[in-house]
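Enquirer: Below, each chain spelled out in residue letters.
4 protein chains.
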Amino acid sequence: MKISKELQKRARKIKVILMDVDGVLTRGDIVYDSNGLEIKHFNAHDGLGIRLARLSGLQTGIISLRESGTIRTRAAELQINHLLLGKDKKLPAFDKLRNSLNLAAEEFCFIGDDYPDIPVMREVGLAVAVQNASQLTKKNAHYITHKSGGDGAVREVVEIILQVQNLLQQAIEKL
Amino acid sequence: MKISKELQKRARKIKVILMDVDGVLTRGDIVYDSNGLEIKHFNAHDGLGIRLARLSGLQTGIISLRESGTIRTRAAELQINHLLLGKDKKLPAFDKLRNSLNLAAEEFCFIGDDYPDIPVMREVGLAVAVQNASQLTKKNAHYITHKSGGDGAVREVVEIILQVQNLLQQAIEKL
Amino acid sequence: MKISKELQKRARKIKVILMDVDGVLTRGDIVYDSNGLEIKHFNAHDGLGIRLARLSGLQTGIISLRESGTIRTRAAELQINHLLLGKDKKLPAFDKLRNSLNLAAEEFCFIGDDYPDIPVMREVGLAVAVQNASQLTKKNAHYITHKSGGDGAVREVVEIILQVQNLLQQAIEKL
Amino acid sequence: MKISKELQKRARKIKVILMDVDGVLTRGDIVYDSNGLEIKHFNAHDGLGIRLARLSGLQTGIISLRESGTIRTRAAELQINHLLLGKDKKLPAFDKLRNSLNLAAEEFCFIGDDYPDIPVMREVGLAVAVQNASQLTKKNAHYITHKSGGDGAVREVVEIILQVQNLLQQAIEKL
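Residue numbers (this note's numbering), protein chains in the order written: chain E, 4 to 178; chain C, 4 to 178; chain W, 4 to 178; chain H, 4 to 178.
Errors might be hidden in some of the hints.
No copy is singled out in the list; a pair is fine if it fits within one copy or between any two copies.
[To be verified] Okay, derived cross-link-like pairs now, EDC-like style, lysine to aspartate or glutamate, Cα gap no bigger than 20 Å in a straight line:
{"#": "1", "residue 1": "Lys92", "residue 2": "Glu70"}
{"#": "2", "residue 1": "Lys90", "residue 2": "Glu176"}
{"#": "3", "residue 1": "Lys150", "residue 2": "Asp32"}
{"#": "4", "residue 1": "Lys92", "residue 2": "Glu176"}
{"#": "5", "residue 1": "Lys90", "residue 2": "Glu80"}
{"#": "6", "residue 1": "Lys141", "residue 2": "Glu176"}
{"#": "7", "residue 1": "Lys142", "residue 2": "Glu176"}
{"#": "8", "residue 1": "Lys177", "residue 2": "Glu126"}
{"#": "9", "residue 1": "Lys92", "residue 2": "Glu80"}
{"#": "10", "residue 1": "Lys177", "residue 2": "Asp91"}
{"#": "11", "residue 1": "Lys99", "residue 2": "Glu126"}
The hints are simulated quantities; they were obtained by calculation from the structure and are not laboratory data.
Taking the hints into account, I'd like the entire structure generated from these sequences.
Expert: Here is the structure:
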């Protein structure tokens, strides 16, 4: 995969990969059964991507306006480091996390798909919009994935970052 | 997005956006488990669209021949104003709502996908058929969405109406 | 829609529309949860098709090697006339039904997608394979649908039969 | 279907077909409900493929890093011979199975989609990557399926093996 100089420069500094859930880690389906239970479809390739990030020493996190037991189950399985759920706005949640980790904004990557993601995307060092993102969200991204949310978009971002940081081959061997 | 003069004229008057459920707010899947429980797949981008409509002062509503707990759960989450479920015919349900709201037919938009939607589509000011609608339903529409039901069709309609009414930018900022 | 003379001739005689389930009334997904419960995805447009057939006086039926509560729930909702589930072979089940109804083979349509459907397809007056059927199954069909199973294939067949029998317009008005 | 000389040579020796689950027998969706229950989408055409393999005297098996009740339910229904679930690494699990069956590596086919599958793919006589596999996984395959995982990829592989071994027609007749 060809990675532009600009993208390389941004990806080289990333220490934490944050992402939205609906439309990013999923295809954007909001699923209920008639008892009010929620169901969520994640993706195995994304899961391996998050595992590769962890094996390489990067941190991962989720920022979502919605709270859901399905996210907690999947996040526990993947040992995602930071879970910011049920937030009213994403930017204050991001600022609080950044302060607590004592990291610069350019050390964060954020992957989003819709309007509520834009304020955080404007702050971070590497703002990514997935292929299925709304137009305005794409305009606020440094990189737009080829894959769609829930279909490997997160994996694509992780592999770019690990490749630029020369950590990919080593992480694959640790699997 | 280019919006035709005719569509602009119709969209400008809309105060209430009504929609069918199966095939419009979903891909048309009717899902059961072996205990008889029903499951329904909605869409996050449509959800944000309905939220934008509400933030702009527009009313929203659902007219469906089927009754389902899944619709009630999703409608409550999105604070949809009018829920007309389990109706035998859609037109009498629409007429009753229109009378109770004391609004003109041209102040309603209706989004449908199949034959039972046509009688209401013939009444309202802005009749929309989704991309996956049956042919005859499309022929009765003033506008056919580019997106399919369950994949952002409702969001597409909401954004057109808010853009024509100069309310979109302001609604996004309120998110 | 253009309907060939040959297809018109076959469709004109149909009194009973029979169909397989997995891959025909669904996309072919076999879904389980970790408690062993089964989940099945049907399609709203197919549902309206079956309703149109019933309103026109045609009978409908399902022949499946598998037994599932999900099929019974959906069949009850759609008032499907004949339910032949959990059969070891499809042809004996079909023969028994044909005898009990005292109808000729040419008065039956069967819609299938895979090898176990072929013996029945070789008997009936109108054998249909869905777009997603296996090659050999398609070779045994008088008609191959443009739509895939679970995505409107059954509806497509019903509309062809009703149109040829001059019953479609009237059925739509009864909805 | 055209089958290359090289593929014919490899397929002729196969006695056991092994496969990964997520992304191979499914589209790669990892699905949870808000009670932590898992849901998995298999495919009816793959199921018939596994049945054809069994009717032809071939053995089948699953090697997965994940353990799930959904796999056990589907495997029991299809009478899959070997279930190696919840393994930390796939190669030791494969080696142990091969020893217990007292078969040569060239008598095994393995169908995979991602990095953890590669060590086993390097050992077996016929290594298959599904259409939706990651690039590096495809590079380690003798054959790449036209169909994607969860959409008939396993069926495609079974039919190639049975056709090369002149067992397909006979198996179809036994259905």
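Enquirer: None of the hints should be skipped; say for each whether it holds.
Expert: Checked hints:
no. : hint             : result
1   : Lys92 to Glu70   : within (13 Å within a copy, 34 Å between copies)
2   : Lys90 to Glu176  : between (37 Å within a copy, 17 Å between copies)
3   : Lys150 to Asp32  : both (16 Å within a copy, 15 Å between copies)
4   : Lys92 to Glu176  : between (39 Å within a copy, 11 Å between copies)
5   : Lys90 to Glu80   : between (22 Å within a copy, 15 Å between copies)
6   : Lys141 to Glu176 : between (34 Å within a copy, 17 Å between copies)
7   : Lys142 to Glu176 : between (36 Å within a copy, 16 Å between copies)
8   : Lys177 to Glu126 : between (33 Å within a copy, 19 Å between copies)
9   : Lys92 to Glu80   : between (26 Å within a copy, 17 Å between copies)
10  : Lys177 to Asp91  : between (38 Å within a copy, 11 Å between copies)
11  : Lys99 to Glu126  : within (13 Å within a copy, 49 Å between copies)
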